[in-house]
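With the hints as extra help, turn the sequences into a complete structure.
Residue numbers (my numbering), protein chains in the order written: chain A, 1 to 128; chain B, 1001 to 1491; chain C, 2001 to 2444.
Hints were generated in silico from the structure; no laboratory data involved. Please read all numbers here as calculations on a predicted model, not as lab measurements. We put the beta carbon where it would ideally sit given N, CA and C, even for glycine. Accuracy of the hints is not assured; some may be wrong.
[As the list claims (entries may be wrong)] Going by beta-carbon spacing under 10 angstroms, a handful of chain A positions derived as facing chain B:
hint : residue
1    : 38
2    : 39
3    : 40
4    : 41
5    : 42
6    : 62
7    : 63
8    : 64
9    : 89
10   : 90
11   : 93
[What the hints assert, rightly or not] The list that follows gives simulated cross-link-like pairs (lysine-lysine, BS3-like), each with its CA atoms no further than 25 angstroms apart:
hint : chain 1 : residue 1 : chain 2 : residue 2
12   : B       : 1398      : B       : 1371
13   : C       : 2065      : B       : 1089
14   : B       : 1398      : A       : 65
[Unchecked claim] Now the in silico label distances, taken between C-beta atoms and shown as ranges:
hint : chain 1 : residue 1 : chain 2 : residue 2 : range
15   : B       : 1438      : C       : 2031      : 21 to 27 angstroms
16   : B       : 1047      : C       : 2374      : 24 to 30 angstroms
17   : B       : 1461      : A       : 36        : 22 to 28 angstroms
18   : C       : 2028      : B       : 1438      : 16 to 22 angstroms
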Amino acid sequence: MTEHPRELRYTIEHEWVRVEDDGTATIGVTFFAQDQLGDVVYVVLPAVGSTVQKDSKMGEIESVKSVSDLFVPVSGEVIETNQDVIDHPERVNEDPHGAGWMVRVRMSDPSEVDGLLTNEQYDSAIAT
Amino acid sequence: MTMEAASTQRTHQSLWDVARPGRSGIRLPESDVPAQAMPEASLLRDELRLPEVSELDVVRHFTRLSQMNFAVDTNFYPLGSCTMKYNPKINDVVASQAGFSGIHPLQPEETVQGALELMHRLQEDLQAVTGMPASSLAPLAGAHGELAGVLMIKAYHDARGESDRKVMLIPDSAHGTNPASAAMGGFEVVSVPSDEMGRVDLAAVEAACDDRLAGLMITIPNTLGLFNPYIARVCELVHGAGGLVYGDGANMNALLGRARPYDLGFDVVHLNLHKTMSTPHGGGGPGAGPVCVGERLEPYLPSPVVERVDADGGARYRFATPTQSIGAMSAGHGNFGVLVRAYTYLRALGADGLRQASGDAVLNANYLRRKLEHVYRVAVDRTCMHEVVFSCRPQRDKGVKALDISKRMIDYGVHPPTMYFPLIVDEALMVEPTETESKETLDAFIAVMEAIAREVEESPDVLLEAPHFTPVGRLDEARAARQPDLRWQAP
Amino acid sequence: MTDPFPHSYLPHTEAERQEMLAVIGVGSVDELFADIPDAFRNPALSLPPALTELELFREIGGLAKRNAVPGDYPCFVGGGVYRHFIPSVVGAMISRGEFLTSYTPYQPEVSQGTLQATYEYQSMISEITGMEAANAGMYDGASSLAEAALMACRVTGRHSVIVHDTVNPRYRAVVDTYLLPQGVEIATCAPGSEAFSDATACVLAQYPDYYGVVRDLTPLADRAHEAGALLAVSADPVALGMFRAPGDMGADIVTGETQPIGVNMSFGGPYVGYFACKMAYIRQMPGRIAGRTVDHEGRIGYALTLQTREQHIRRERATSNICTSEALIATGTAVALAALGPGGLRQMAELSYQKAHYAASEIGALDGYEVIDNGAWFNEFVVRCPLMGSQMNASLWRRGIIGGIDVGEAVENGLLLSVTEMNTREEIDALVGALREIAEGGAR
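The following block contains the structure:
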């Protein structure tokens, strides 16, 4: 039984990626990550229009007593950020793989997705 | 009508709830000089919305607030790494004398010779305790002393044309102020792992020993409450690579009269006078963080230092700036009121008393360790110094966290220990009993901890909902951070 | 090993020590220190002999008596530290053991007193400065101003600051100590001649300035904002009892020293630096912050908040290394502000203004003295004297008067004098008489 949907791809840094029908990538943090963090209270996201490199820092996520870097799993241009999550960080806890999404990226190299973890690989990675 | 509704002093009343327009808590005299022209109106403010309360309102309000605090004067307060020992009352009485509390920092030096002499004596006494040849009382707190220390290390390397020394080694068990201070000094922080006894990894230090090494910041005894027998070797390694060693003196209460940082090889150490020298912590300050240094760093001490000049008329004291000083840390000369208290404490104990204090502090911590090791896991099973770190990992496996155990301690009238520090221990509870607590208090604390351990087995819910008898229960800290309410606003 | 030292701070009897050692399983206290290598263990400490409480009063009280206390002598020294009236309730409240001997409110359920007092302090500081938020307190006014400059660098991503030459030189020294090692460039200029560039993070101004002058800060704020820079102000909180709040004139960060409100001068400390800013910058603010929230039953309560900015969480990436908040002193200021209220604070400011202007007009009428006129001012002013400021102070002290501050670096033979409501007309007239005598008789 996993909390991590099969249709998403994952990183060891606990981000998920969903490739949309239009080829863009939606990115958020995993159920496991938000569960470990506890109540998310603040999210810093990159500027729309900025170019991001795979595995570079794109923002921060804060709980009451922790702060973690957010890494971007795929390279490209940030085309949208989730204002609802900025205004209501609790969305990350309520619906990490849905309403709690963070950024949308137009990928410069869609093949990068193939190198990301499947939900099974991610589950076994966090089990250790 | 419920009792709460009938109470004349409601628990959650703010200053603004008791305010009424037209009241005042003070009356000042009328002007005794001929009226002077006021400045033009465009420079003046029209609105000042401060609460208007009577003098008794002020006293009742703040007295009621005070009663919601745990304090050393009211409760056992074994907060690890904070040295919550008894704060002798004479210290406050002495510091409150007009000759100390009422003098201006910029008065001519000839009018404040008593204050300067006290500072000079304190410098000498702190040098005796640390073994260091020089000191400055300028830093206003422990972290301020750390900043002074890293700035001195930077100035030392710069003066030797070695400005490329940018790396500051800091063990992963360090207080957060260490890396934050190093960053403010412009250094790159490199974290060094600790072994299972909290000792800095010698091989990791050795590996970092190159011509980019600026220094090492390390706490003695370490944050697991243990004295590293190889600490002098660590200092030698760093010196061998051209670096300097910073000693975080937060735990110096264990070493008074037992070991001196200078002898161990340290170049600079700060003392938290509010911890080691027993000045009151005041709900989070004021403290004082004097720095004591070896020969290498003496020219770089922050200003001012107090000098004694022997002239024919006897000794005179004056402020001086060391030749290559890193500069001023504050607009004043240090937290003088705290310095007076610390000096009074030192004079009350003397060398034998300080040595007995560290002995009893270590005795108490080890007594708690042995009495509680059958119910809580000791992080490192060996003789500790002034504090003992427990891991509540076994309790966590039963669904009760270190946090829950801490909150339950409140119900028994004990201030919780430091939780979740050092970071290298899972579910850590860091207990520092201090030397001023009696055996009866320690035995009562042991009984409380045993009772809580039984509750973990028998009725864990009572812990998860604790504390039960405080004015407020566990607070919604997520709400406080998501929707910051940081000041009163008119409804 | 010397015999145990019986002391009123150390409760154990020797029998109890032995009992505890037996539990631990060692033969002596010294054995507990076995990890310290022999070569370093048990150094002899060269300290003076211990004193009893009675002897401490004699010995250290004797040092106190060797200082000349303002009030016993007329005193006109200011320069950022002022002798204002402290209501009796302040000492009574902050000497309560529950405030005095508690520590940082890490456990909010047993620290509501400190936390609510901090919240109320933050509220009143926000109000008098005209800002949206304030923190729980910094070390002092000078370090608070330095931290404001560092915060402006973080907010703007720029690394150059402009400092007015009318900022307290002792504050300026601390700004240098904090900023230069981090590679921040500092330019100094007179108010009105700021050379803003696209590298300017902020301008640091003082209000009233070091020489007492009060300027409308609005034009400066406008020019700073046009250049994408912030305006950070250091302000005397008593002056804010009558003069416009910096926040009202466009300041982005307001800092200062609360010492004038409820804090003993204590030869320079402990004080508390206040720090207030616009809400938009709150996550770049240094220091501790208390916030109001609710508990699980919906009861109002207070807790430390926005802690991810701080060193215990963010470590080397924290907004500052500061850990303390000078909480006791901040509580004292909160008690004093509550007692003063809006009327008391305004009256304190106006009395200081009135008496200082009376003193200036009397001194300005003396032969050999000139009061420097730079427009509107509060309670401090510069007098050009017939002799150097240090010589004037020496002559005044021979007449039993603690004079002012030598500001010869700014005005030839300049002496900076400060007057508050604590100075009686008799004291002012005595100062005027002494100055007349000195001008007539030379430096005797």
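Tested hints:
Against a cut-off of 10 angstroms between C-beta atoms, the interface hint on residue 38 of chain A holds, since the closest Cβ of chain B lies about 8 angstroms away. The criterion of a C-beta within 10 angstroms of any C-beta in chain B is met by residue 39 of chain A, whose closest approach is roughly 4 angstroms, and the hint holds. Using the Cβ-Cβ criterion of 10 angstroms, the hint placing residue 40 of chain A at the interface with chain B is satisfied: the shortest such distance is roughly 8 angstroms. For the restraint placing residue 41 of chain A at the interface with chain B, the shortest Cβ-Cβ distance is roughly 4 angstroms, inside the 10 angstroms limit, so the hint holds.
Interface hint at residue 42 of chain A: satisfied, since its Cβ lies 7 angstroms from the closest Cβ of chain B, which is below the 10 angstroms cut-off. The beta carbon of residue 62 of chain A comes within 8 angstroms of a beta carbon in chain B, closer than 10 angstroms, and the hint placing it at the interface holds. A least Cβ separation of about 8 angstroms between residue 63 of chain A and chain B falls short of the 10 angstroms threshold, and the interface hint therefore holds. Below 10 angstroms, beta-carbon pairs count as interface contacts, and residue 64 of chain A has one with chain B at about 5 angstroms; its hint therefore holds.
Restraint check, residue 89 of chain A versus chain B: the minimum CB separation of about 6 angstroms is within 10 angstroms; hint holds. With its C-beta approaching chain B no nearer than about 7 angstroms, residue 90 of chain A sits inside the 10 angstroms limit, and its interface hint holds. With a cut of 10 angstroms, the hint placing residue 93 of chain A at the interface with chain B holds, because the nearest CB-to-CB distance is about 9 angstroms. Of the pairs offered as hints, the one joining residue 1398 of chain B and residue 1371 of chain B holds, with about 22 angstroms between alpha carbons and a cut-off of 25 angstroms not exceeded.
Distance restraint check for residue 2065 of chain C and residue 1089 of chain B: the Cα-Cα separation of roughly 20 angstroms lies within the 25 angstroms cut-off, and the hinted pair is therefore satisfied. Taken as a hint, the residue 1398 of chain B and residue 65 of chain A pair is honoured in the structure, with Cα atoms around 23 angstroms apart against an allowance of 25 angstroms. Taking 21 to 27 angstroms as the suggested C-beta distance range, the pair residue 1438 of chain B and residue 2031 of chain C conforms, at roughly 22 angstroms. Restraint check, residue 1047 of chain B to residue 2374 of chain C: a C-beta distance of roughly 27 angstroms satisfies the suggested window 24 to 30 angstroms.
In this structure the hint that residue 1461 of chain B and residue 36 of chain A lie 22 to 28 angstroms apart at CB holds, the actual value being about 24 angstroms. Look at residue 2028 of chain C against residue 1438 of chain B: about 20 angstroms separates their beta carbons, and that is inside 16 to 22 angstroms.
Hint compliance for this structure: no hint is broken.
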